[in-house]
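Peer 1: Based on the hints, put chain B with the ligand in the right spot on chain A.
The lines below spell out each chain.
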Amino acid sequence: MGLVHREDTAVFDAVVTLLDQFKREEAIITRETDISEDLRLDSLAVMDLMMELEDKFDVSIPLNLVAEIRTVGDLAEAVRRH
Amino acid sequence: MGLFDRFDGLAKLHAMATTGGEDPFAVRMDRVLSPTEAVINGRQTILIGTHNYLGLTFDPACIEASQKAVAAFGTGTTGSRIANGSYAGHRGLEKTLAAFFGRKHCMVFSTGYQANLGILSTVAGPQDHLLIDADSHASIYDACKLGSATVVRFRHNDPADLDRRLQKLSGEPGNRVIVAEGLYSMLGDTAPLREFVEVKKKHGAYIVLDEAHSVGTMGENGRGLAEAEGLEADVDFVVGTFSKSFGAVGGFCVSDMEGFEVLRIASRPYMFTASLPPSIMASVTEAVHQVQARPELRRQLWQNVDRLYGGLQKAGFILGPEKAPVVAITLRDQETAIRFWNGLLANGVYCALVLPPATPNGLSLCRLSLCAAHTAAQIKRVVEVATGVANEIGAFDAVPAKRAAAG
Ligand SMILES: Cc1ncc(COP(=O)(O)O)c(C=O)c1O
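Chains A and B are the protein sequences, given in the same order.
According to my numbering, the first sequence is numbered sequentially starting from 4.
According to my numbering, the second sequence is numbered sequentially starting from 150.
One chain only, chain A, in its complex shape:
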C-alpha cells in the first residue's frame, strides 16, 4: 500500500466519521455514496461539513469546489488535494 493510498484512506475514514453527525438518512457510506441524494445533506450542511474537514486537516478548500462535489469520494479527494 503506497503512501498516497494510505493518506487517502485516512482522509476517507475521517470524512465518514464526520458524516455520521451530519447525515439525515441511515446508509452505509462508500466512496460512491451521493451526499445529497443518499445522505440527504442540504447545500448548507455540505459547506458546514467542509469547514469541519478544513479545520481537521488544516487545509483550505475553496467554496468554488462545492458544486463539483457529489459523492463522499469526491469530498475525500478534495480534502486530500488541498
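Note that these hints are calculated values from the structure, not bench results.
Where hints are given, some of them may not hold.
Claimed, not checked - Distance condition first, Cα-Cα at most 30 angstroms in a straight line; then the derived BS3-like pairs of lysine-lysine:
#1 A:Lys59 with B:Lys294
#2 A:Lys59 with B:Lys350
#3 A:Lys26 with B:Lys317
#4 A:Lys59 with B:Lys317
#5 A:Lys59 with B:Lys351
#6 A:Lys26 with B:Lys161
Peer 2: Just chain B with the ligand now, with coordinates in the frame of chain A:
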C-alpha cells in the same frame, strides 16, 4: 428523468411545510391596512414578519412623492441606465444616499439582491479572494457564483477564524475582500465589526458590509452598524437595500474608493437589467429624508424591540442572542415550528416561518420583525398569542435539537 425530478426532495419539504393547514410560502394579503395590519383569510392580522422596520410604506410624504413622480415621469423606465438613459431621480437618489452616508460614491441597483451580485462579482476578480461569513445571505452566496474569485467561508462572526483563513492565503497573489453583514436577519445578531476591521488591516484586505437590516435601524443617524461602532472610515463598501427600512424596493452601494464609478460599465447586474421606476426613486429619496428627520422612529422601534424580546423571554421562548429588530423564536423541530406558525396565523398574527436549509445550524425558526409603528397593544397581543399557541402545542416541552458539529 423529468426536468424537475431533482427537486423531489424540495417538493417533499414543501409538502411537509403545508401539513399545518396553510402554505407558509404562499400567504395572501387581500388588503393591507397599515404597515402593521393586513387582511389575511378574511381576518384582520397583525403583521410582524415583514422588514418594515420604520413603517415608512404608508408614510404620507413618501406616498405623495411617489405619486408625483409617477405622474411626471411615467410608470417605468423601460430599460437599463447605460443603454436607455438615467432619469433625474436616479442621480438624485444616488446623491441623497451619498450625502446621507457621507461618501463620495453611490450606485443604485434594481434590488438589494442585485446590489450584492453587482458589487461582489466585480470587486474581486479571478486572482482575488472573497472571504464570506458562513451565515451570509443567499445573495452573497449567489454573488460568489456569479464572480470569478476564489471563495473562502469563515465561521459565523468569528474574527479569529477569519484571521486564520487569511493567514492560510499568505503568499497567494490577489486582493482579499471580506464580506459580512451588519445585522444578521436569521437570529438578529450583529457582526463583531471592530475585530473584523483589525483583521482586515492586519492582512491588508478590504471589507464589504451588507447593512440591509441595519440601515435605518442602527446608529445615531440610522447609518447602520458601522456608524453605531464608529467604524465607517474603515468599511470600504456598504451595501444595502430599499426594501426594508426605506419601505420600497431596490438596492445600493456607497463607497469612497477611488475609481468606483467604473463599476457602472463593468457590473453586469447593474448594466443588464431595467433601472428602478421613477415612483420608487422618489419614495426612497423621501424615505432617506424621513430617516434623517425623524430619529424618533428608531427610538420607537427599539422600544418595541424591548417590549417584544422581554415579553417572549419572560414567557420562556428561546430567542436570538441579542435584542434586535429581528426577534427569532427557535422551535424544537420543523414540525413544531410549522404548527406554531399556523397557530399564530390562525390567531391573527403573521410572522415568517424559516426552515433549513435557509437557517444556520439547521434551526427551525419563527421570525418576528418589529416596526416603529407597532403599538404596545399589538405587541402585547403577539406575546399572548405566541404563549397561548406554544402551550397548546407543547412547544415549551423540550429544548431544540441542534445539528451536531455545525455550530
Ligand atoms: C442581508 C441581506 N442582503 C441582501 C438582501 C436582498 O435585498 P432585497 O430583498 O432588497 O433584494 C437581503 C434581504 O432580502 C438581506 O437580508
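Peer 1: If a hint holds in the structure, say so; if it does not, say that too.
Peer 2: Cross-check of the supplied hints:
A hinted pair counts as satisfied when its Cα atoms are at most 30 angstroms apart, and lysine 59 of chain A with lysine 294 of chain B qualifies at roughly 26 angstroms. Pair hint lysine 59 of chain A plus lysine 350 of chain B holds up; C-alpha atoms about 27 angstroms apart against a cutoff of 30 angstroms. With a CA separation close to 29 angstroms, the supplied pair lysine 26 of chain A and lysine 317 of chain B stays within the 30 angstroms bound. Restraint check for lysine 59 of chain A and lysine 317 of chain B: the C-alpha separation of about 14 angstroms stays at or below 30 angstroms, so the hint holds.
Distance check on the hinted pair: lysine 59 of chain A and lysine 351 of chain B sit about 25 angstroms apart at the alpha-carbon level, within 30 angstroms; holds. The suggested pairing of lysine 26 of chain A with lysine 161 of chain B holds, with an alpha-carbon distance near 17 angstroms, which does not exceed 30 angstroms.
The structure agrees with every numbered hint stated previously.
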